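Here the protein sequences line up with chains A and B, keeping their order.
The first sequence runs 1 to 460 under my numbering.
The second sequence runs 1 to 393 under my numbering.
None of these hints come from the bench; they were simulated from the model.
Computed from a predicted structure; not experimentally measured.
Keep in mind that a hint or two might mislead.
Heads up, simulated EDC-like pairs for lysine to aspartate or glutamate below, C-alpha to C-alpha not over 16 Å straight-line [claimed, not checked]:
#1 K123(B) to D190(B)
#2 K123(B) to E335(A)
#3 K233(B) to D376(B)
#4 K110(A) to D245(B)
#5 K110(A) to E335(A)
#6 K123(B) to E107(B)
Non-contacting residues of chain B with respect to chain A, defined by C-beta distances greater than 10 Å in every case (computed) [said to hold, decoys possible]:
#7 D112
#8 I150
#9 T183
#10 Y285
#11 A341
#12 F342
Ranges between beta-carbon positions, derived for each pair [to be verified]:
#13 L137(A) to T278(B): 56 to 62 Å
#14 K311(B) to D197(A): 51 to 57 Å
#15 Y133(B) to P406(A): 41 to 47 Å
#16 S408(A) to N171(B): 44 to 50 Å
#17 T377(B) to L166(A): 56 to 62 Å
#18 K289(A) to T278(B): 55 to 61 Å
#19 K289(A) to E118(B): 22 to 28 Å
#20 L262(B) to W148(A): 28 to 34 Å
#21 F419(A) to N171(B): 39 to 45 Å
#22 L148(B) to L109(A): 31 to 37 Å
The beta-carbon is built from N, C-alpha and C at its ideal position, and this holds for glycine as well.
Here is how the chains run, residue by residue.
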Amino acid sequence: MERLQSPDVRGIAPNPPVLAKGYTYDAITEKISDLSLNPKLTRGWLGGFSIAITLAGCMVVAIIHLLFTGVGIWGNNQPVGWAFDIINFVWWIGIGHAGTLISAILLLLKQNWRTSINRFAEAMTIFAVACAGLYPLLHTGRPWLDYWLFPFPNSMGVQQQFRSPLLWDVFAISTYASVSALYWFVGLIPDLAVLRDRAVKPVARKIYAILALGWRGSAQHWRRYRIAYLVLAGLSTPLVLSVHTIVSFDFAESLIPGWHTTIFPPYFVAGAIYSGFAMVLSLCIPLRKAYGLEGFITARHLNNMAKVMLAMGLVVGYGYAMEAFMAWYSGSPHEMGMFINRTTGPMAWSYWALIACNIVIPQTLWLRRARRSTLWLFIISIVVNVGMWLERFVIIVTSLYRDFIPSSWHTYVPTIWDFAMFFGTIGFFLTLFFLFIRYVPVISIAEMRELSHEVEHGHH
Amino acid sequence: MNEQIEAIRPRLNSIQQRALIVGVIGTAGIVAGAFMDSEQFYRSYLIGYLFWIGIPLGSFCLLMLHNLVGGPWGFTIRRLLEAGAKSLPLMAILFIPLLFGTHTLYEWTHADIVAKDEVLKNKEFYFNLNFFYVRVAIYFLFWIGYSLFILRMMRRREKNGESPVSPGLQNLSGLGIVLFAITITLAVIDWAMSIEPHWSSTIYGLILIIGQALLTFCFTVIMVASMMGMAPKFAERIRAVYFNDLGNFMLAFTLLWAYTSLSQLIIIWGANLPEEATWYSVRLYTSWKIVPIVLFAFHFFAPFFLLLSRKIKRNPKFLMRVAMLLIVMRLVDLIWFIEPAFNRTGFHVSWMDFVAPIGIGGIFVYWFIGRLKGADTMLPVNTPFLAQQAEHH
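Just chain B, same shape as in the assembly:
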């Protein structure tokens, strides 16, 4: 039997309420911060924003990926991924504050600096505010439009009792992954990489995309594990082996993150070109160097060894803790990407770097649970994997 969302509605309501309270308090905090130090506010907001947009984008990409490769793990978390994808419109709204911060965040918006700088002049036709706004609009229109289109197709198939994927849907999902990879890369270049407009790295987009996928898996694991506690019938259906699969994905993306990050470091360190090495000289050779040590220990070393253990991967409670650790590390990684660009002399984090992600997170979770409640059932219906499971019981 597929359990109805109704069964856990009261619990979801209470989480949603708490999320809203956190969101409101957090927002109040950063609004206060904005009046105290508007420059810091925009940096912190950018960090929080880059962190949370990873979940809706990651969710939708994983949905499309699952349409291509299949596997029970994806059906288990489908409702969560759908709710994640439906949060893209919220992220479009939450982008608005950044539109006011372009002058603080991006050096290329300063006409006087651009006039004196050959490199920036060369990019002016791309990095000017009008085109920047146009691109933001294109990204969001495309992301929201494409996700709504695919989600509608998937819902229709589920309602009509058809098999979850068709060759047409698979082709659209494949195409979607390609287009999302391109647009997300361009978006993170616009929003994050261009804060240091003289520096570039071809692997940058990939590192952040991998980080988003990892974040999405961690967020999903936490959500599934906590929903299991609320709904016993649902918990019955979630076998340990699915957690094992999710844990393996977390392991794979942790490794990919380490692989891409280390590759970038080795290549830039090896060549030691001034225009590239500056990125690391700030981040590795000042007091910022404490952060990569933490990242190595807790974004790679600890989770790698923990996630090798099948015992941990099959235990929702343990896996949830590893996921929490990795989520915190994702934030630390993003802080390390953004903050040193503005604090080149040494380690500096503001209280807003933490309050902004918490505030945005509260609002995000509030919205996310709202979308989750919109579904009827906790697991998709008419999937062959459910039929197979019914046989086993």
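For reference, chain A alone in the conformation it holds in the complex:
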């Protein structure tokens, strides 16, 4: 019982458990698989899904209009040649990172509290990467030629610029998407087999059977599964760093004041984890409430995620502070001008809103009371999501709109199609998420059984 309270060795006031008491293997299986097999079509799900799919519809309309008319429908101009398309790309990619961090890095660090949140965090990663990928693919203007991005032998004279981080992005993101999807799917196999065995409807059983790849749960299967899972975790780990590092190079390798600064790689990675954890909280707080999963996703999880968020927020704050300090220290009039313009110019609202959302408000997480309040955590998670979006807006737009020569200055105003696309991807993301909740176990059944064994019998 002692261990149930506090599996770690710090011995501070007993931690809330990672799994509520009294969950047997059967109870776990039933509780989680029922969500997929015997779903009650609640008003909440239907309502949420309708809104989500309507927004996704906006995205489809926006894309069709874009394909017929061209990227001119966006607010991008000279000198702000990059705006919502890259802001949203970076925002979505960043959100994806928490999934990989939770599922791979926390697995390697033997943090057992990850078990109940890793499945949907991974799902979140894949959906977020899908949303992110749309933006650069569409921004090329001729998405049907996007395969030109890959270096393949051709007679067209198309050659890739291997020194450009934009090309590295192509490799980094496609690797990231495929490894994440594979990792997620491999982790799902035993659970899909559970659904296959428990499904009553023949069609559902057939589909789950195909997806379960003939899983029989033999010792040999488990052994291979374990190895595959661990190898994929090891492969995913460097991807957390590499993907956002390369995204940061997209900016940092250029000459633009406000973009070109060496702190970008670690600061982007921290920001990605920051926004990712915020999104996990935004999703899991309503989810656990709606489906009564408080026994699986406990106060301990929320508390730990809040702490990770606080730490990442401070790293991001270090990045802001260094940028400000070095803008002055460098003595470069361009750097200083950019910084003064960012903080006092016509778009200063965005900078100060960003500081409020990312730095000031999250400091409440120092208080245990704030970390224990589900409502407050939910509010903060939304605030951080907004803050991290603003961060990319500040970095991208406020570095560009005042070009080197005043005659090339131009302000930036997003058009309705920018917003349609942005909210559309949010709708697309949520649609996928609602479908995921409906058809796939949101929590890993197999891993929860293991956890319940550990919790009841101690860790060996």
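Chain A is fixed; fit chain B onto it per the hints.
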């Protein structure tokens, strides 16, 4: 049973004595050097100083980090980290020689140069000697004050038989890490980056902080491994898995060092701006380029592959050798940071670049062992992890 420090006191005394001898000889060497070539003396002293201050600062930050994240590895090395943190006052004293070398080391102290230089004039209100002294005082007062405060809190909890951390202590540790990150960054900008006052890099502080953490882990591994040889009962308590953890930390910080260093290089190389690229053009395109090759091979490549092996991480003797290699590489990295600023035409190291770190190191280890002997036990008492271990035995 927790073994008393008394048991190994004679061995510690002999190490301490030897350290003192090395320290005295080394100091005599650099004092002689100071008379022969005072400019070189200050450079070498700066290198040695930047190297050794990494351990007390790193130790205290790791103590605070451990208060936040927990884990048996931290209890194993707690006494060493405490002794490290208690060495901060020594580092304050050892800073004094640098106060006399400001004119040699820092271009921004030359009024005639500053008068003609827009960039330096712009920074004059920050980079002037008086404010520099004030900042040095603030750094050390804060570092020493905060560390004494936290250490006292930790000791009181241990004496009273309370659990090692409380929410209050955790919050203070979290805040401490934030404040130390800021002050260490500002300090390395003052002491090291401003030797080339026209050059700046936002990741510079982070690279050096990561280097300090890595150095601290390596130093600690060497100390634990050698203490195990002295005290069999202590050695019984140190399970291979803790070395595995420490080895993993070494691996993680080796990777972080490589990651931050390479990021800085790629970004500056990619943009190729004259005011930034000069830093690398001296360090990569003259005969200095031998050093980054060595760094790549022995600060990253070799330790990375060695530390992947669980066999090496679980063997104190092997791990100790990897730690020694990395410690030497930390010094090489710092030499590469500092020396090229003064020798822009090509590779140049002085015998003092090695004698100064050895001399300061002797004094540092002498002091460090003195603090270590001040503790009663080799492992902290009243930690749940010890109770758990007792169950296993």
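Hints, one by one, checked against the model:
1. K123(B) to D190(B): Holds - the C-alpha atoms of D190(B) and K123(B) are around 12 Å apart, at most 16 Å.
2. K123(B) to E335(A): Answer holds: K123(B) to E335(A) is near 14 Å, not above 16 Å.
3. K233(B) to D376(B): Holds: K233(B) and D376(B) sit about 15 Å apart, inside 16 Å.
4. K110(A) to D245(B): Roughly 12 Å between the alpha carbons, so the hint for K110(A) and D245(B) holds.
5. K110(A) to E335(A): Given that 16 Å is the threshold and the Cα spacing comes to 44 Å, the pair is violated.
6. K123(B) to E107(B): holds (12 Å)
7. D112: Given a closest Cβ separation of 18 Å, the condition holds.
8. I150: holds (16 Å)
9. T183: holds (12 Å)
10. Y285: At roughly 18 Å from the nearest Cβ of chain A, Y285(B) sits farther out than 10 Å, so the non-interface label holds.
11. A341: A341(B) is indeed farther than 10 Å from all Cβ atoms of chain A, at 16 Å.
12. F342: At roughly 21 Å from the nearest Cβ of chain A, F342(B) sits farther out than 10 Å, so the non-interface label holds.
13. L137(A) to T278(B): 56 to 62 Å: violated (39 Å)
14. K311(B) to D197(A): 51 to 57 Å: Violated, at about 42 Å.
15. Y133(B) to P406(A): 41 to 47 Å: holds (42 Å)
16. S408(A) to N171(B): 44 to 50 Å: holds (49 Å)
17. T377(B) to L166(A): 56 to 62 Å: Given a distance of about 58 Å, which is inside 56 to 62 Å, the answer is holds.
18. K289(A) to T278(B): 55 to 61 Å: holds (58 Å)
19. K289(A) to E118(B): 22 to 28 Å: violated (60 Å)
20. L262(B) to W148(A): 28 to 34 Å: holds (29 Å)
21. F419(A) to N171(B): 39 to 45 Å: holds (41 Å)
22. L148(B) to L109(A): 31 to 37 Å: holds (32 Å)
In summary, the structure is inconsistent with hints 5, 13, 14, 19 from the numbered list given earlier, while agreeing with the others.
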